[in-house]
Amino acid sequence: MTEYAAAPVVAPTLARQSLFRRLLRNPVAVAALAFLAVVAVVAVVGRWIAPVDPTLSSLQLVVADPSAAHPLGGDSAGRDVLSRLLSATQISIAGALLALVVALLVGVVGGLIAGYYGGLLDTVSSWLTAIVMALPAIVVLLAARAALGPSIWVSMAIFGVLLSPAFFRLVHVSVRAVRDELYVDAARVAGLSDARIIGRHILGVVRAPIIIQSAVLLGIAIAVQSGLEFLGLGDQAVPTWGGMLNDGFAQIYRAPVLMLWPSLAIGLTSMALVLVANAARDELERSAPRPRARRRPAAVSDTRADRPATIVHPDDSRALVTDPDVLLRVRDLVVAYDREGGGSTQVVKGVDLDVRSGEVHGLIGESGSGKTQTAFAILGLLSSGGHIEAGSIEFAGDRLDEAGEGSYARVRGRRIAYVPQEPMSNLDPSFTIGSQLVEPLRVVLGLSRGEARSRALALLERVGIPDPAHAFAAYPHEISGGMAQRVLIAGAVSCDPELVIADEPTTALDVTVQAEVLDLLRDLQRERGMAVLIVTHNFGVVADLCDRVSVMQSGRIVESGPVDAIFDHPEHEYTCSLLGAILEDGDARKPLESHKEITR
Amino acid sequence: MIRFILRRLLVGLVLVVAVSALAYALLYANSDNIARRILGQNATTELVARKTAELGLDRPLWQQYSDWLVHAVQGQFGRSWFTGELVATGVTSRLSVTLSIVLGATILSAVVGVVLGVLAATRGGWVDRLVQFVSILGFAIPGFLVALGLVLVFSLQLGLFKATGYVPPTSSIAGWLSSVTLPVVALALGTIVVVAQQVRGSVADARERDYVRTLRSRGLSSRRVVARHVLRNAAGPALAVLAVQFVGLLGGAVIVEQIFAIPGLGQLAVSSTVKADIPMVMGLVMATAVLVVLVNLVIDLAQAALNPKVRLS
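In order, the protein sequences belong to chains R and Y. 130 is the number that numbering that gives the first Met the number 0 gives to position 131 of the first sequence; each next residue is one higher, with no gaps. 216 is the number that numbering that gives the first Met the number 0 gives to position 217 of the second sequence; each next residue is one higher, with no gaps.
Chain Y extracted, bound-state conformation (with noise of 0.2 Å):
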């Protein structure tokens, strides 16, 4: 088991270093037009030689980059260009708001998707077709017109809900479930169908085993039988869709919060690209990553805790 973990965490190690590389060579590898965007499209060439020795980005890249590494290891990822923030300020300050709504889309779409799968795989019938009608619309209309007809119904038209802004549950947990509830619903609406089609499939799929038989064969209930070893059966591969989704959902999260007026990673996200903010957008690229890896981890440990074979490969 622990020989496992450490495998896991060495690819999750390796490939947020190659993240890291590419990001590095995508993001520096201009560096006259990087000098030329701070100062603006008047700046000489004088200045603009002289803006890019003082970045340090007259040096070969991959000098810049293994530089940018050895202070990344020791977690100083430099300064934000335009505001002097420290990078890893900036991220982690932010890091909080985006993980409540994104972890919170995350376990609602796990249970509602749950819920429905199961349903659409062991009633049936109109049961069936109604989930599988709501999953094709869900998958085929774009998240943020979903978020944006949230917005527009009810916090616009009913003044059910915050309309726009954030509050930390520090300062009122009223407020703050009443700011987080249409960015989760609208974050989590297309992973809830996704997952509800892998649960509907894989249940389906493990109702037809033949040890479900068997064990039925035994005097368990039909019920019993599912709710034991069909889901546990089962939850493999919607574990697997649920970490493929939660990237979908961080990236969703960029326009929710964007629509939503919440002062999360996606809203710096989009400031600092519009200003070019090379660092910052570095920061948030590693923030990224790291997050998808340690979230890939879990979920690994998780089906190695279902699926004995698992642990011992």
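The following block holds chain R by itself, in its conformation from the complex (with noise of 0.2 Å):
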């Protein structure tokens, strides 16, 4: 088949007026549309405005030169090159034309039946349509020009139905999407016919979709029309473009520049039609509701002036003086992601934060308060778009946000290690386990591949898997979600790292799972005494494990210090909320005293 691009399905709010004065915003959309009309013109009155009749032929213009009465000259059968265009734009459109009409009967049509309908006609569907792609056009209209004959109609017609599978998928997939949905449901209740369904509901989503397809189709069109007249194939009684290129060619010692002029229709025809189609489509997806990005909080911006001061628990007044125990520093963090069409949003805003060597720290806040992204910030790996935009990250004496990506690579995995909160979306699905915990091994450590090997199957086993090496050799997909995430901790501290920083380490997990990992995460911690910086937003998590604990709350650390006195003598409301919020989530595993107190 011939290559189209798929054009994506996208928001069906947008009605085709607006899409259309949009694109009249857009210069190259403009100039685009500005050529197509003149073809259209052309296309409509080229025969009647042809100075000669186009299939006439004279001696004295066989390949003659331009001049005043023949402006383009003539070609090799002696007959006048501009008439000729003119009245081919006709043809070579109106056959364009013929094959979309085609395609988006058949595949519109059809995909509305198949898609709506579904079960057999779904099968039947789908092989036809690999039938179709299964032969290149070309091929399939050489054998119907060898049946049929040369006629630039029958062929277009069934160009059309070859290229009905580009119609026919994006409206099979877009009804099969919305005949479930519950408002078609609802239409449907309320007794509206299918076809009014269909016509409402159905049309209205993909209508934005098709007509940027058939912008394309049409250039492919005329693409593989002027190819097969190219070919010599076509009616040669027909003036088309493709003909007079392949009258050009025949010609291409003596006078090349007859293939300048049906070159120059095709190809601008065609880019036109392109270029149309891609500023809709950037049109489209601009305009489409974005869906908001993932540990990409929108935060209020404000300046850092109005900060309010954090409350510190006295026992922890040393962290702000230097204290050698500090693993971790972390001052006046602020993380900030770049906004579509400049300017950048900031989700982090100024944040302090100290992790001393061999303690569980919690970092603890509701979604989208900046957890994740100061971990990430810490670790060097924030998501595209983000960067540190004030601050300084401290680790063991050495400044990490001024560091660059060689000294970043030294202690990532070494020293700083990451658990993540989603296990199975973080290990790569094309990999065997054992190959992604040998590799850092191999390239961090420079351990052999057997040292390698025997070192990751002892941590596997450490991390409580029963048959590591089955394990070992299995993919991601054929182990369970709890034993992923204890990959994934075999992973973080493989390397003996001094810090781990673990970001929702259960939230994924079964109930049950998550004091299992949380008791291995602590015993790990204990065994090699390495701090650990867990980011939750459950305080049974952090009564459970941590030494202190921060409270974030819009980007912005509200209170700080040890886990007894936070819990003891809460004084910031947000704490206070979050330390009430625990009844709901009922995972306290040994709530303190003091703790039922403040929550009763």
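None of these hints come from the bench; they were simulated from the model. This one's a predicted model, so the numbers in the text were calculated from it and none came from an experiment. Treat the hints with care, as some may be off.
Here chain Y is said to cover these stretches of chain R; the calculated rule only asks that three of the stretch's residues, wherever they fall, bring their Cβ under 8 Å from a Cβ of chain Y [as the list claims (entries may be wrong)]: (1) 380-391; (2) 483-496.
Have a look at the derived ranges for each label pair, beta carbon to beta carbon [unchecked claim]: (3) R:108 with Y:82: 36 to 46 Å; (4) R:384 with Y:171: 47 to 57 Å; (5) Y:61 with R:23: 19 to 29 Å; (6) Y:72 with R:30: 48 to 58 Å; (7) R:129 with Y:260: 26 to 36 Å; (8) R:514 with Y:102: 29 to 39 Å.
Note that CB positions come from ideal geometry on N, CA and C, so glycine has one too.
Put the complex together from the two separate chains, hints included.
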């Protein structure tokens, strides 16, 4: 089949009118549309404004140079090139439109029926599509030409059928998606007929993508039709762009300029169609409601000047002066993400954080408070578009925020490790568990293959995987979420880091598995004496595991101190409300006495 | 794995048979017309009827087709109505020529497309904008116009390559290279941009995956993660696009062979079409369908090698 890019299925909310109006603000689209308008006018009136009969030959005009009477000269048969070009436009455009109309009829109607009624029709139509896709369009058209003779209309009608899968898939997918939507059910219950539902709810969704796809396919139809005529397989009696090109090609040594005009007509028209389609697609994508990027919360931007002071519990005051025990010192950290169309949004707005060697530090707050972004900033692994706008990150006396990729590479894995939130998506699906554990061991620690393998197996055993050799050879999709999280923990501690940053390590797991994973983290922490910064929204986890806690709200630390002190005397109202929420979460495994008092 | 291959083969076989049935129906339905076109417009009705009977076209269509199918399974595709050449010989003798330019173009588009796509996705900035711009041009301008331009510039003006004709590699490697370079480039340009776009998209997508961050957190460099993990995960969609593009390249070869006067399947197809040499056209359709099915099988196997989930399903 011919290549065509699938138009994206975009939000249905846009009316064609507004799309067209927005296209008029795009200079490239305006130029392309203007050119297409000229082509359209020529296609309609070309035959009548042609100065000479396009089929009339004259011996004087054979490959004649341009003259006043014949501005573009004559072709190899002594016919006026300008007249032929004008008349050919009509035939070529009409042929391409015929293919488009056939493709629309077959594809849209077929897609609607197959998508809406499903079942056997689906199977039949997908086989038909596979058959159509199994042959290059030009080969089918050659066969049709051999059997049915040279007719641009027959070829283009057949080509329309060959193009129809493009529309079919577009409509089919959208219909399948919409068919089970609640509002379609509601319409059905309300007694609307199928035809009405299809017309109102389904065609509305696919209209814009169909228009875009139409422009692309019209260009392809023009190209294929010209290609066929260029091969000399068209009806010689009718002037077409491809036929003129064929004539020019035959004279390539004598008058290559003859190829210029039909080439320009074909090339510019195809390009204009693609440019219009591209511009329309860009407009649709720009205005489509963008799904809010996960972990990229939109924060209210305000100045850091009005930043309220962090409530620091007394015992913690030494953290603010230089303390040799402090492994990780974050000061005034501001993380921002670039916004579409300039500017940036702050998601972390001046965070101070101290993690001491060997302590478990909880960073707690609701979703979107900037906890995860703080963790990523420390790792130097912010998502694209994110950057540290201000502040400092110091690890064991070295400034990480100023470190280049080279120095970071020596820290990551070996000294600071990371346990992610969602276990399954954090393992590469194309590699075995074993190879994902072995690779960093070999790269970071320079172990041999055999050493790395036995160390990985030992780690798998240590994190409580029942059959390490089996898990080593397994792919991520072959193990459970709880196992995957154990694998990720094994990977994090594999190079004996001093600090592990665990980002909600239990949130995505079953409740029963959560407790086991927390136990494992605590055991490993004690065994290896490493510091852990655990990001969570759950005070139960904090009570269970942490020595110290920092409470984060809207990109700031609002309260910080030893766990006991915070549980005893929470001062910030946000901390109080989080503590209050623990009852609903119900996950506090060993609530402190004082804690019960507060929540009661 | 063996079941996977067997099932793919079976689907391919059904597809080939279905294509043959449809092609046969299209080509042979109008039997009266066929005989008249062989004999010329002035032939008498009697002559036409006799020719029709001689070619066996007076039997019911399904009988003709099942007869054809039985012979085809044994590798007998009949003879050309005009030259008497065996269809099987005609097709196979030209197959290697077409395959050399189509496979050349496939490899060229895969290599250049992947490099451009990865650069656009990882470098961003002006590299990305340039690749995007070239992609629109490459997608919009029909391949045969590009081919004509290449002939005009590189062969006629600069004289760097042979403008027309084909030199088999057995007689001269340099001559062969000179004769296939322009056709391969002309054929590949349109595909390069499609592959580049796909690779750009899937690399950009794979780079945003969670496991990329986790692998980097273990101390692997960004370059290493892209080369080993991102590329492997982005390869699946790119291969799928390449499979679709291969069909387009086979079609494009018909026109490109004509422009460069290369004696391949495409040239045979055009000359057989003009003469309405139905058995030859039928043989060409079948050769194309089998090629497409085989290439799809190879790509499916490559997908299975890359993606452990495909292997299981």
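*For residue 384 of chain R and residue 171 of chain Y, compare the CB-CB distance with the range 47 to 57 Å and indicate the outcome.*
holds (55 Å)
*At a Cβ distance under 8 Å, does chain Y reach at least three residues of the segment 483-496 of chain R?*
Per the Cβ count (5), the hint holds.
*Coverage of the segment 380-391 of chain R by chain Y, judged on three or more residues with CB within 8 Å*: holds (count 3)
*Can you let me know if the beta-carbon spacing of residue 72 of chain Y and residue 30 of chain R is within 48 to 58 Å?*
Holds - the Cβ-Cβ distance for residue 72 of chain Y and residue 30 of chain R, about 57 Å, lies within 48 to 58 Å.
*Return holds or violated for the Cβ distance of residue 514 of chain R and residue 102 of chain Y against the range 29 to 39 Å.*
About 58 Å separates the Cβ atoms of residue 514 of chain R and residue 102 of chain Y, which means 29 to 39 Å is violated.
*Is it true that the C-beta distance of residue 61 of chain Y to residue 23 of chain R lies inside 19 to 29 Å, as the hint says?*
violated (57 Å)
*Could you see if the CB distance from residue 129 of chain R to residue 260 of chain Y stays within 26 to 36 Å?*
This hint holds: roughly 34 Å between Cβ atoms.
*Given the hint of 36 to 46 Å, check if residue 108 of chain R and residue 82 of chain Y actually sit that far apart at their C-beta atoms.*
For residue 108 of chain R and residue 82 of chain Y the Cβ distance comes to about 44 Å; the hint holds.
The structure fails to meet hints 5, 8 from the earlier list, while all remaining hints are met.
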